[in-house]
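Based on the sequences and whatever the hints tell you, model everything.
Heads up: the protein sequence lines correspond to chains H and G, in order.
If you're matching positions, the first sequence starts at 1 in my numbering and goes up one per residue.
If you're matching positions, the second sequence starts at 188 in my numbering and goes up one per residue.
Read the hints as simulated data drawn from the structure, not as lab findings.
On a predicted model such as this, the values are computed, not experimentally measured, just so you know.
In this text, a Cβ means the ideal position worked out from N, Cα and C, and glycines have one as well.
Incorrect hints may have been included.
Said to hold, decoys possible - Looking from chain G toward chain H, a few residues come up when the C-beta cut is under 7 Å (computed): (1) Asp213; (2) Gln277; (3) Glu306; (4) Cys352.
As the list claims (entries may be wrong) - Facing chain G, according to a computed beta carbon distance under 10 Å, are these residues of chain H, among others: (5) Pro7; (6) Asp145; (7) Arg147; (8) Tyr152; (9) Pro178.
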Amino acid sequence: MGFLSGPVTLECFRVDGEQPRQFGPEHVKTLKKFAIGQLETSSTDQADVGFLAGRHLLDLDFDLEKNVIGEALHCAVRIDTNQIPAAVRKAWLQMELAAATADSPTGRPTKVQRQEAREAVEARCEEEAQSGRFRKMQQWPVLWDARESILYFGGCSAAAGEQCCDLCTQAFDIKLEPLTAGRRAQE
Amino acid sequence: MTPSPLRPGDARADIAWWNNEAGNFDFLGNEFLLWLWWRWETQSDTIALPDESEVTGMFARTLTLQCPRDESGKETITAKSPVRLPEAAQAIRTGKLPRKAGLILVRHGEQYELTLQAETFTISGAKIRTEDAEAAADGQGILERRIDSVRGLHETVALLFHAFCERRIGKNWPGELEHVRRWLKTDATKTKGRPS
Numbered sequence: 001m002g003f004l005s006g007p008v009t010l011e012c013f014r015v016d017g018e019q020p021r022q023f024g025p026e027h028v029k030t031l032k033k034f035a036i037g038q039l040e041t042s043s044t045d046q047a048d049v050g051f052l053a054g055r056h057l058l059d060l061d062f063d064l065e066k067n068v069i070g071e072a073l074h075c076a077v078r079i080d081t082n083q084i085p086a087a088v089r090k091a092w093l094q095m096e097l098a099a100a101t102a103d104s105p106t107g108r109p110t111k112v113q114r115q116e117a118r119e120a121v122e123a124r125c126e127e128e129a130q131s132g133r134f135r136k137m138q139q140w141p142v143l144w145d146a147r148e149s150i151l152y153f154g155g156c157s158a159a160a161g162e163q164c165c166d167l168c169t170q171a172f173d174i175k176l177e178p179l180t181a182g183r184r185a186q187e
Numbered sequence: 188m189t190p191s192p193l194r195p196g197d198a199r200a201d202i203a204w205w206n207n208e209a210g211n212f213d214f215l216g217n218e219f220l221l222w223l224w225w226r227w228e229t230q231s232d233t234i235a236l237p238d239e240s241e242v243t244g245m246f247a248r249t250l251t252l253q254c255p256r257d258e259s260g261k262e263t264i265t266a267k268s269p270v271r272l273p274e275a276a277q278a279i280r281t282g283k284l285p286r287k288a289g290l291i292l293v294r295h296g297e298q299y300e301l302t303l304q305a306e307t308f309t310i311s312g313a314k315i316r317t318e319d320a321e322a323a324a325d326g327q328g329i330l331e332r333r334i335d336s337v338r339g340l341h342e343t344v345a346l347l348f349h350a351f352c353e354r355r356i357g358k359n360w361p362g363e364l365e366h367v368r369r370w371l372k373t374d375a376t377k378t379k380g381r382p383s
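This is how it looks when you write it as structure tokens:
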């Protein structure tokens, strides 16, 4: 997957701070500690972000031999979101309004009925999000090269790259800076 | 350092996607791709790198150009060799700058086919071909070799950009820029190998 086979997509980050020369069991332990699902977010709107062992979307089988390749640490980052599609929200709102105005001679909802319908939809969204029915899981490969002090993020989504950086920064106590054209020129 | 004015008479260049912040030199990515185009078209397709190796390259598959003054929009050209098409030459002559380009680079016997986003330096869809890939060891050896190839890809692009930056900050840059301007003005539509 990602860096280990097939076409490669990558965004580079310079790793600053105290870095290992060689990855070891303590780094695999950190991957496990910050694995997806270990740190549930309090809000359903907020994405869950965590490490994967790298073979597939559900791979949590972290292992020194699998995740440490030479001078590099290979894993993946999974980002789970709970967004209810806009079309589904709209449908639920229409259904709520239809039920509220069923007995109305005009068929038009009042301001209060609209407000109540919106609140009912919000409550349903919260409930559905907690059930995990609309959970979307996405994964991106990550390769931390100790030899070059570079972390390769295997994607080109700026938002996902930022979430990956936040996770790595928190887990390994490092600083990451995107190696854009300007930053490279300064180096 | 500010963006190089590429049109005669311009004292400075405006780049719509650049935030003009001091310390942000991401516009150099756009200049880099244009410089590569000029260099490969007018001189040699092989460039000496700071580590004394050489890289041979060409533009391939895709080229996205955008007007830095936000006047004439953005276009993406998809072709085997997009820089050979008259619309690509016309675009740079009217002042558009490359924002994303497909490149084929060969260094140390490895061929990399990639798409480079100029400002972020994000590489996408990179295919790595190694001459003696079949001779690699099995198991962990294959993975280590693969990671070496990823390193090689990154290093090649980084060194090529370094070679450009050395020229860009060098005392000969005004002269080189003048050559690029002249090429844009007169020769960009009739360079080597383009079908008439």
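Against the structure shown, which of the earlier numbered hints fail to hold, in ascending order?
2
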